[in-house]
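Undergrad: So the sequence shown is numbered by numbering that gives the first Met the number 0: it starts at 0 and just counts up by one.
The hints are simulated quantities; they were obtained by calculation from the structure and are not laboratory data. Among the hints, erroneous ones may be present.
[Stated by the list, open to error] Derived DSBU-like pairs (lysine-lysine); straight-line CA-CA distance at most 30 Å: (1) K52 to K69; (2) K68 to K108; (3) K108 to K74; (4) K69 to K108; (5) K74 to K52; (6) K52 to K108.
Fair warning: this is a prediction, and the values are worked out from it, not measured in the lab.
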Amino acid sequence: MNRLLLILFIVLSSFSFSQAQTRSTQGTVRNVDPIVRFFPNPATTLVTFDFQKAYERGYSIQVYSFLGKKVFESKNMSQRTIINLTDYNRGVYVYQLRDRSGRMVESGKFQVSR
């Protein structure tokens, strides 16, 4: 049951954060620039995460399989982080970018294809 809730949370948060939109106090939707850019998508052997805004130390990234299993974690990310995908199965993966305090600041998904 807990695993199902984790999967549901990851999927729902990835949809809300991957849209890169937020609501202002007036209730209107405005676009927000993403903190990181990742490429290529779909990926085959490597995926690269680049910070778009002023880089601050202390960000961490976690990558989950679509079933909710954590497959990668990097604390204190550098300005460019490259993840080797050779041990990853074909499918969709969700990433979560967290700040120093552990708060999720961005989420998205990428596909691994072979």
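Undergrad: Hints first: check each against the structure and report whether it holds.
TA: Verification of the hints:
{"no.": "1", "hint": "K52 to K69", "result": "26 Å, holds"}
{"no.": "2", "hint": "K68 to K108", "result": "14 Å, holds"}
{"no.": "3", "hint": "K108 to K74", "result": "19 Å, holds"}
{"no.": "4", "hint": "K69 to K108", "result": "14 Å, holds"}
{"no.": "5", "hint": "K74 to K52", "result": "18 Å, holds"}
{"no.": "6", "hint": "K52 to K108", "result": "20 Å, holds"}
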